[in-house]
Amino acid sequence: MADLEAISHSAICVHDLREAEDFYCNVLGARQGTRVNFKTDDAIRGRSVHGSVILEDYLLALMVTRDFMPMPPAEQLRGAHGFRHAFRVRRARFDEITNELLRRGIAFEGPVEHPEKSPFGASIYFKDPSGNFLEILWRRDEDVNYEKPYVTGVG
Amino acid sequence: MDGISHIVIEVADLARAKEFYRLVGFELTSDNGLPECGRSALFRTASGQAVILSESSQPRSLPETGVHQAYRISISDRNAVAQKLAAWNVTVHTYEEDRPREKGDNFYFYDPDGNRIQLVAPSGSPDGSAKILGIDHAAIECHDVEWAEDFYVKKLGLEVDHRVGWRTDDYVRAKLWGEGKEHMAPGTRRWDHRYTVMEQKRRLPRPNTHFFVRVGDAILGIYLATQHRQEPPEEQLVGTPRIGFRAGCQTIERVTQVLAASRMPMKGPVEHQNSALIAASLYIRDPSGNFLELCVPRDNSPKLEDRELRIKQIT
Numbered sequence: 001m002a003d004l005e006a007i008s009h010s011a012i013c014v015h016d017l018r019e020a021e022d023f024y025c026n027v028l029g030a031r032q033g034t035r036v037n038f039k040t041d042d043a044i045r046g047r048s049v050h051g052s053v054i055l056e057d058y059l060l061a062l063m064v065t066r067d068f069m070p071m072p073p074a075e076q077l078r079g080a081h082g083f084r085h086a087f088r089v090r091r092a093r094f095d096e097i098t099n100e101l102l103r104r105g106i107a108f109e110g111p112v113e114h115p116e117k118s119p120f121g122a123s124i125y126f127k128d129p130s131g132n133f134l135e136i137l138w139r140r141d142e143d144v145n146y147e148k149p150y151v152t153g154v155g
Numbered sequence: 001m002d003g004i005s006h007i008v009i010e011v012a013d014l015a016r017a018k019e020f021y022r023l024v025g026f027e028l029t030s031d032n033g034l035p036e037c038g039r040s041a042l043f044r045t046a047s048g049q050a051v052i053l054s055e056s057s058q059p060r061s062l063p064e065t066g067v068h069q070a071y072r073i074s075i076s077d078r079n080a081v082a083q084k085l086a087a088w089n090v091t092v093h094t095y096e097e098d099r100p101r102e103k104g105d106n107f108y109f110y111d112p113d114g115n116r117i118q119l120v121a122p123s124g125s126p127d128g129s130a131k132i133l134g135i136d137h138a139a140i141e142c143h144d145v146e147w148a149e150d151f152y153v154k155k156l157g158l159e160v161d162h163r164v165g166w167r168t169d170d171y172v173r174a175k176l177w178g179e180g181k182e183h184m185a186p187g188t189r190r191w192d193h194r195y196t197v198m199e200q201k202r203r204l205p206r207p208n209t210h211f212f213v214r215v216g217d218a219i220l221g222i223y224l225a226t227q228h229r230q231e232p233p234e235e236q237l238v239g240t241p242r243i244g245f246r247a248g249c250q251t252i253e254r255v256t257q258v259l260a261a262s263r264m265p266m267k268g269p270v271e272h273q274n275s276a277l278i279a280a281s282l283y284i285r286d287p288s289g290n291f292l293e294l295c296v297p298r299d300n301s302p303k304l305e306d307r308e309l310r311i312k313q314i315t
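From first to last, the protein sequence lines stand for chains A and B.
Going by my numbering, the letters in the first sequence line up with residues 1 to 155, in that order.
Going by my numbering, the letters in the second sequence line up with residues 1 to 315, in that order.
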C-alpha cells in the first residue's frame, strides 16, 4: 500500500482564469494562490497558463484549457455521472450561503435533504462559470469529535 | 494622470531617423528639445505631444516584441504615408488585434532602427493636414505582469483597459496563429518549448500575457518579456527609452508619497528652467526598469504664479 497522507489538490479546467478566481475567491470565499505565466521565467520555461485558489489546506488548481470544453446545458446543475467537488459549511451558515448565491443570481438545485441516517444534512448543487459541478453541504455530525477513524477491510 | 506627454525612443543614426519621421508627418521642432535625452531631436504632434529621437549606438527598439508606439493620423494622410512607404520599400503590416478598439483597422511598419510604428486613423479626424495628430498609445515590456499591474494600477492609479492571456479564447487564437491562419502582432503570442521530458520536442503556441492601462485619452500596453534583458544600473533613474505622462502637481505629489512609502527610488521633482515644454518632472522606473517621467506641462495652470508656487512647494 502506498500509504498516502492526504489529498493535496485537484486541478480543474476553466475558460477564463480571472472569472474563475473571482468566483472561487469572491463568491465562495477561497483565497488567492499563485498564478503561472505572468513572469518572464514562466515564458522561458514554456509553462501553461494557470492559477490556484486555496480553501483551508486544500488547493484547487485552475487550468486554462487550450480549447473550449463542451459546456453542460445551462439548466443542468448536477454532473452526469455525479462528478463534482463538494464544500462543507456549518449548518448554522447554510441558509446564509444559499441566500448569497440567490442574491448573486447563481442558479442551484436544492437544498436536497439527505436521508436521516446519512452523515450529510442537506446539499445544494451548482456549477462554476466554466461548467464545473460543485456542491455545498452541511454535516449532521459537525459537532462530533471522532476518535481515530477505524477503517474496515484494511490490514 | 492626464495622458502621455512625450515618448523618447532610441535611434542609431539621428540624421537618418529625423528624415524618416519628418516624411511620415512629424513636425521637427528643435534639435535639443527635452532635458535628459542626450543628442536628440524633438518632434511635435498637432496635439502638442512630443516624440523625441535620442541617439544611441545600440538602440533598444526591440522589434520582435510587443514594444511599439502608435500615433494618430487622418485616414487620407495615412494613405499618403502608405504610398511613400511603398516607394521606400518599407513593408506595412496588419495584424489580428486583441484590443477591441484596434480590431477593425491597423497599420504597422518599422522605422530604420527597428522601432515599430503604428498609425491609428480615428474616425472623424480632420483631413489633409499631412500631420501626425497625436500619440494614441505606446507599449513596453515587463518581466512580471502581476508586479507591473500593481505598479501601474495601485501605485500610479491607472485603470486596466484590456487583458490578454487569461482565457481559453486567447489560447484558441494562439493556435490559429501557430497554424498560420491568423497574423498576430509580435509579442502577443509565442512558441513555447515545453519543459517536461515527455513533450520536449513539442512546440506549443501560447498567448503571451499582456495588458493595457488607460492614461487619460491614451493607452499604455505592457507585455510580458519572453527573455531577460540587461537593465540599466539600479541607481540610474533617468534614461532612454522613456515615456512621459502629463500630470498635475497634486498627482505628482501623491505618486511621490506612494512610491516613498514603498521605498521605490525616484528623482525629483526637478524644475526645468529652460524647457519650453515642461515645467517640472518626476523621474521614476517601473519594477521592470522602464524609465518613466511624470511631468507638469509648461501651460498646465491658467495662473502662472500659482503653478510656480506649487512647484516650489513640492521641489
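Keep in mind that the hints were calculated from the coordinates and are not lab data.
A portion of the hints provided could be inaccurate.
What the hints assert, rightly or not - Computed footprint of chain A on chain B; a stretch qualifies when at least three of its residues, placed anywhere within it, have a C-beta under 8 Å from a C-beta of chain A:
hint, region
1, 70-76
2, 98-110
3, 179-193
4, 204-216
5, 235-249
What the hints assert, rightly or not - Result set (SDA-like, lysine to any residue): computed pairs, CA atoms no more than 25 Å apart in a straight line:
hint, chain 1, residue 1, chain 2, residue 2
6, B, K155, B, S56
7, B, K181, A, A92
8, B, K175, A, L28
Note that the coordinates shown come from a computational prediction; the quantities given were computed from them, not determined experimentally.
C-beta atoms are modelled at their ideal positions from N, C-alpha and C, and glycine is treated no differently.
Now the hints, each set against the structure:
1. 70-76: violated (count 0)
2. 98-110: violated (count 0)
3. 179-193: holds (count 3)
4. 204-216: Result for this restraint: holds, n = 5.
5. 235-249: Contact hint for the region 235-249 of chain B vs chain A: violated, 0 residues under 8 Å.
6. B/K155 - B/S56: 31 Å, violated
7. B/K181 - A/A92: This hinted pair is violated, its Cα atoms lying about 56 Å apart.
8. B/K175 - A/L28: With Cα atoms ~33 Å apart, B/K175 and A/L28 exceed 25 Å; violated.
Hints 1, 2, 5, 6, 7, 8 from the earlier list are contradicted by this structure; the remaining hints agree with it.
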